[in-house]
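*Asks:* Listed here are the chains, written in short residue letters.
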Amino acid sequence: MQHTRVTGTTFVGDANPKSTAKPRGQPLLPMLVPFSIACFAGTLVTDLVYWWTAAVMWERFSIWLITAGLIIAGLAAIAGLIDLAVGKRIRTLAWPHAVGYPLAVVLSLINAFVHSRDAYTAVVPTGLMLSALVVLVLLLTGWVGSTLVYRYRMGAAI
Amino acid sequence: MMRAFKLAHSPKWSRPAVLLAAVSLLALTGCDDNGGDPMKQIGANPVLPKLQQYFIPPIRIARAVGWGKDETPTVPQGLQVQALAAGFEHPRSLYVLPNGDVLVVESNGPPAPISRPKDIITGWVQWFAGAKAKGGNRITLLRDTNGDGIPEVRTVLLDHLNSPFGVALVGHDLYVANTDAIVRYPYQDGQTKITDPGTKLTDLPGGPIDHHWTKSMVASPDGSKLYVGVGSNSNITENGIGAEYERAAVWEVDRASGAHRIFASGLRNPTGLAFEPETSTLWAVVNERDEIGPDLVPDYLTSVKDGGFYGWPYSYYGQHIDPRVEPQRPDLVAKAIVPDYALSSHVAPLGVAMYNGTELPPNYRGGAFVSEHGSWDRTPLNGYKVVFVPFSGGKPSDLAQDVVTGFLDANDHARGRPVGLAIDRTGGLLIADDVGDTVWRVSSARSGSPPKPAS
Chain A
0 MQHTRVTGTT FVGDANPKST AKPRGQPLLP MLVPFSIACF AGTLVTDLVY WWTAAVMWER
60 FSIWLITAGL IIAGLAAIAG LIDLAVGKRI RTLAWPHAVG YPLAVVLSLI NAFVHSRDAY
120 TAVVPTGLML SALVVLVLLL TGWVGSTLVY RYRMGAAI
Chain B
0 MMRAFKLAHS PKWSRPAVLL AAVSLLALTG CDDNGGDPMK QIGANPVLPK LQQYFIPPIR
60 IARAVGWGKD ETPTVPQGLQ VQALAAGFEH PRSLYVLPNG DVLVVESNGP PAPISRPKDI
120 ITGWVQWFAG AKAKGGNRIT LLRDTNGDGI PEVRTVLLDH LNSPFGVALV GHDLYVANTD
180 AIVRYPYQDG QTKITDPGTK LTDLPGGPID HHWTKSMVAS PDGSKLYVGV GSNSNITENG
240 IGAEYERAAV WEVDRASGAH RIFASGLRNP TGLAFEPETS TLWAVVNERD EIGPDLVPDY
300 LTSVKDGGFY GWPYSYYGQH IDPRVEPQRP DLVAKAIVPD YALSSHVAPL GVAMYNGTEL
360 PPNYRGGAFV SEHGSWDRTP LNGYKVVFVP FSGGKPSDLA QDVVTGFLDA NDHARGRPVG
420 LAIDRTGGLL IADDVGDTVW RVSSARSGSP PKPAS
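Chains A and B are the protein sequences, given in the same order. Mapping to numbering that gives the first Met the number 0: the first sequence position 78 is 77, numbers consecutive. Mapping to numbering that gives the first Met the number 0: the second sequence position 94 is 93, numbers consecutive.
Among the hints, a few may not be true.
Stated by the list, open to error - Pair ranges (Cβ atoms, derived):
id: 1; chain 1: A; residue 1: W51; chain 2: B; residue 2: W126; range: 46 to 52 angstroms
id: 2; chain 1: B; residue 1: V64; chain 2: A; residue 2: L102; range: 23 to 29 angstroms
id: 3; chain 1: A; residue 1: I70; chain 2: B; residue 2: T278; range: 56 to 62 angstroms
id: 4; chain 1: B; residue 1: I320; chain 2: A; residue 2: L80; range: 43 to 49 angstroms
id: 5; chain 1: B; residue 1: V124; chain 2: A; residue 2: G73; range: 55 to 61 angstroms
id: 6; chain 1: B; residue 1: D202; chain 2: A; residue 2: W51; range: 30 to 36 angstroms
id: 7; chain 1: A; residue 1: F34; chain 2: B; residue 2: M38; range: 40 to 46 angstroms
id: 8; chain 1: A; residue 1: I70; chain 2: B; residue 2: Q400; range: 20 to 26 angstroms
id: 9; chain 1: B; residue 1: K199; chain 2: A; residue 2: V105; range: 36 to 42 angstroms
Read the hints as simulated data drawn from the structure, not as lab findings. Note that beta-carbon positions come from the ideal geometry of N, C-alpha and C, so glycine has one too.
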């Protein structure tokens, strides 16, 4: 296997998890996760613009971005479960990734409900705070996770 | 940026975001979903609890099951109820012509656009409650030739309409308020079918959103004006304030020119209009906003004052601010009128009829019948009945009484839901039932069994 770095994914040595849910040998889980993260990060941007403008279009961007992020996260979870169920040489992910990303998804699910309220309070203040919290969790996950993976060679990134 | 600066320095934002988020989530999940006693919210001074905002808004709908054989609504002693006719396609409103012919407007709203994921869920909920049934988009005429209360003639007076609701006859001009326009048709006494394509009097706010699609309508006593109830385009401006242009208002339309002005505004969804006969003032039943609690905001019956502003969207019951609306308008809130008579929360009043007949017992004379279509976001269910509000001196004078009940069965399934009301020529109360697809007639109880409808 020649994977070195695929959309933010790094496998270290031979002792890495082998994803069994993979088309043409490519692991599916690491391919999906960054798209959902991009959606959640985008939500913070559109929330901020809504806060500044109160133009309803931006609130709609936010709820659709969260929804898309959650759907992709759901697909990633299915890919991950297939790995767990079928895989033989599963190694744990670096713990920040295994904890941080699911936490961000759960917070985003709550955020989807808050964003489904009508008008201004769908975003300000609870929705906006949740969107910021999700991005914070993801940034911390990325930072702590890559420190472990790249510096100490512990586990794998998502 | 000025705004962001201001908000960023408000006390709300000075605490750690994490802590605040945790606290708000706790508060959200700790909400009490059960509504209080509706009787506390009937009359001039309803008890208004504190506003809540939900994590998951409560949904409590009555599944539509329809009427079993020989099942009818229930009326108090001294009255009787029978089906005038059945087998309609979503009958929503009723109108009685001078010769006694009854017009049944069979209608439903245009398809709702999907702007947010929530709209998909809302669509499922409405389907479950029987609110997605296809409307006939037509007006059926019923004629009782021998006066036994059972129509022998049933014809389609007008077909291929566009979500019609309000009807008004002035002289030989029959006006139909479609969801997007008022159309005038020539009508001759006794006519059972109109073939004339009609003439548009004026456009009304319609699509593409058309959230509250019904356009209630009544002619002024002198026949010179038409008053039209135009509902808001959202629950609480979630489609943007621009979508609310000339909505949430009662229009006054000049019958000769078609010109209109806003007679009164801030009325979220004025679904029924009627002139109080003693004082000749315009009254409306209005559906208030959702998703801030099982006991907020009470729907109401109110006189409609020329130039009056009744709060929506900025506030309710006078100066109770709704935080979901941004930017706020303190100038408008300051002059918001408190409605006259609360009917309790989420009952969804869709029809009002002032009673001036002689068929029903004398205690009903001078008062208002109000049909309550029934709640969908409140536990326990509220509404699903026709009530009577006594009037004295042109104003409500006492607590509302239940008149027609039994629309819910023992399992809280909806056998029917009352919508439009009308008083027929002999003084009977007619009720359109858009789940039971029936028109009911309430009259004084007489000895002997009531006549059976011709089916």
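*Asks:* Given a hint of 40 to 46 angstroms, does the C-beta separation of F34 of chain A and M38 of chain B actually sit inside it?
*Replies:* violated (54 angstroms)
*Asks:* Taking the Cβ atom of I70 of chain A and the Cβ atom of Q400 of chain B, is their distance within the range 20 to 26 angstroms?
*Replies:* violated (51 angstroms)
*Asks:* Between I320 of chain B and L80 of chain A, is the Cβ distance one that fits in 43 to 49 angstroms?
*Replies:* Holds, since I320 of chain B and L80 of chain A (Cβ atoms, about 48 angstroms apart) stay within the stated range.
*Asks:* Do the Cβ positions of V64 of chain B and L102 of chain A conform to the proposed distance bound of 23 to 29 angstroms?
*Replies:* The hint (23 to 29 angstroms, Cβ to Cβ) is violated, given that V64 of chain B and L102 of chain A are roughly 44 angstroms apart.
*Asks:* Do W51 of chain A and W126 of chain B keep their Cβ atoms within the hinted range of 46 to 52 angstroms?
*Replies:* violated (38 angstroms)
*Asks:* Can you let me know if the beta-carbon spacing of K199 of chain B and V105 of chain A is within 36 to 42 angstroms?
*Replies:* violated (54 angstroms)
*Asks:* For the hint 55 to 61 angstroms, verify it against the beta carbon of V124 of chain B and that of G73 of chain A.
*Replies:* violated (23 angstroms)
*Asks:* Quick one: are I70 of chain A and T278 of chain B within 56 to 62 angstroms, going by C-beta?
*Replies:* holds (58 angstroms)
*Asks:* In this structure, is the beta-carbon distance linking D202 of chain B and W51 of chain A contained in 30 to 36 angstroms?
*Replies:* At 35 angstroms between Cβs, range holds.
In terms of the numbered hints stated before, the structure departs from hints 1, 2, 5, 7, 8 and 9, listed from lowest to highest.
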